[in-house]
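Its first residue numbered 1, the sequence shown is counted upward by one per residue in the UniProt record's numbering.
These are calculated hints, taken from the structure and not from any lab test. Hints may contain errors.
What the hints assert, rightly or not - Label-pair ranges, simulated between beta-carbon atoms:
(1) G247 to N209: 28 to 34 angstroms
(2) D338 to D235: 23 to 29 angstroms
(3) G59 to N101: 28 to 34 angstroms
(4) Q195 to K68: 47 to 53 angstroms
(5) G197 to D338: 16 to 22 angstroms
(6) N101 to T358: 46 to 52 angstroms
(7) K68 to K138: 32 to 38 angstroms
(8) T358 to P309: 48 to 54 angstroms
(9) Y18 to E134: 22 to 28 angstroms
(10) S342 to S223: 22 to 28 angstroms
(11) E14 to G197: 26 to 32 angstroms
(12) A40 to N101: 41 to 47 angstroms
(13) S342 to P106: 21 to 27 angstroms
(14) R74 to G247: 49 to 55 angstroms
Glycine residues also receive a C-beta, built at the ideal position from the N, C-alpha and C atoms.
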Amino acid sequence: MEEEIVVKSTRVKEIVKYKRRLVEVPYTASVGDTLNVLLANNILAVPVAAPPGQWIGAGGSMILESDKATGAIRKHYIGMVSMLDILVHLAESESDDVGANLMAVPVSSIIGHCLEGLSLWTVSPNTSVLDVMEPLSKGIHRALVPLESHQDHVAVLELKETSPGYRMLTQMDIVQFLKLHSNKLKSFMSTSVGQLGAVHSGVFAVPANMQVASAVKCMQNTSLNAVAIVEGSVDSQQGPMLITGEGRRLVGTFSSSDLRGCPLGMLQSQLSLSVFEFTEKNKGEQFEYNPGAAASAAALTSITPGSRPLVTCLFTSALEEVISKAVNYHIHRVWVVDEVGSLVGLVALTDMLRAIRTAIVAQDASGKQS
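With the hints as extra help, turn the sequences into a complete structure.
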């Protein structure tokens, strides 16, 4: 079957070979410097590098970069830092002096504010797309691919690796690959997300009047990078907390990436806004912090500043349509709504990868039985 051929024969090294060099920050970089790196490169997370032999890697990992000529170890990747880690760092502080003290803290001190930063994985460059879809469909968002692997890989993911260089493989890379080859995956792509079981129910949301700082803390507690904004108010007796979104009218999305373009001196005031006020106020402004990054970011997402829509689909929408929306707007989730705009669920990149992999594996098993 064509579906099996393209995902089984293509190796991850073919997907990452044209990607830029790995973007990283040294362990001595400040939080402010790291924020600038995230913005300038339009990325959500970055690995932190340190001298070898001085740190324990995240999750017990030992991912090293060696000198290509001599083989000597040059650096050790000790963890990942994401935009959400930075926001949690700011939201937890009682200080108003974001521009100085909070942003001057070494980035190594905020690794692990969110659970994802405590895991760092590599994947063999010879792993097939189908095989790498398994961990990426179970919540792993990204992994390092060594340019030269010296491991006898048995598992898809590894905690130990030494290579003269790495590339970052993300869920979005695989989803973009699937979109590129959608004509060979028509039997799955033309099926609705509902039929494929790709719709994730039990969606967490925040009421429109919740403060940004409170929303960030709630997202940290549940390891979420984004939540739906729905009509409603924070319960004064229970205090700020995530609520079930289903059946409520969807009015927006609050994502940790929305604050990347905010000038450092304004971050604290942004944290005190309601999530709805923040999203309305900052429409089209998320790329203004670094003018040099603005053009590339806008080009990547194909969005005109100020016109970023609320991206949704229906339970009956074809998977191809939903994947196209995710890729075109460079978003990691598409909200599923009913005909009147009430939230039904979501289809995240994780769900897209899981649905396609499950369908291909089932088809493969059916073919072998017959």
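Cross-check of the supplied hints:
A hinted range of 28 to 34 angstroms for the beta carbons of G247 and N209 is inconsistent with their spacing of about 19 angstroms. Evaluation of the 23 to 29 angstroms hint for D338 and D235 yields a pass: the beta carbon distance comes to about 25 angstroms. In this structure the hint that G59 and N101 lie 28 to 34 angstroms apart at CB holds, the actual value being about 30 angstroms. Remark: the range hint 47 to 53 angstroms for Q195 to K68 is upheld by a beta-carbon distance near 49 angstroms.
Against the hinted window of 16 to 22 angstroms, the Cβ-Cβ separation of G197 and D338 comes to about 18 angstroms, which satisfies the hint. N101 and T358 have their C-beta atoms about 48 angstroms apart, which keeps the hinted 46 to 52 angstroms range intact. With their beta carbons about 33 angstroms apart, K68 and K138 fall inside the hinted range of 32 to 38 angstroms. Checking the proposed 48 to 54 angstroms range against T358 and P309 shows it is violated: the Cβ atoms sit about 30 angstroms from each other.
The beta-carbon spacing between Y18 and E134, approximately 24 angstroms, falls within the hinted interval of 22 to 28 angstroms. Range check, S342 to S223: Cβ separation about 26 angstroms, and the 22 to 28 angstroms hint holds. For E14 paired with G197, a C-beta distance near 29 angstroms keeps the hint of 26 to 32 angstroms intact. In this structure the hint that A40 and N101 lie 41 to 47 angstroms apart at CB is violated, the actual value being about 23 angstroms.
Distance hint for S342 and P106: a CB-CB separation of about 45 angstroms, inconsistent with the stated range 21 to 27 angstroms. Our hint of 49 to 55 angstroms for R74 and G247 holds, since their Cβ atoms are close to 54 angstroms apart.
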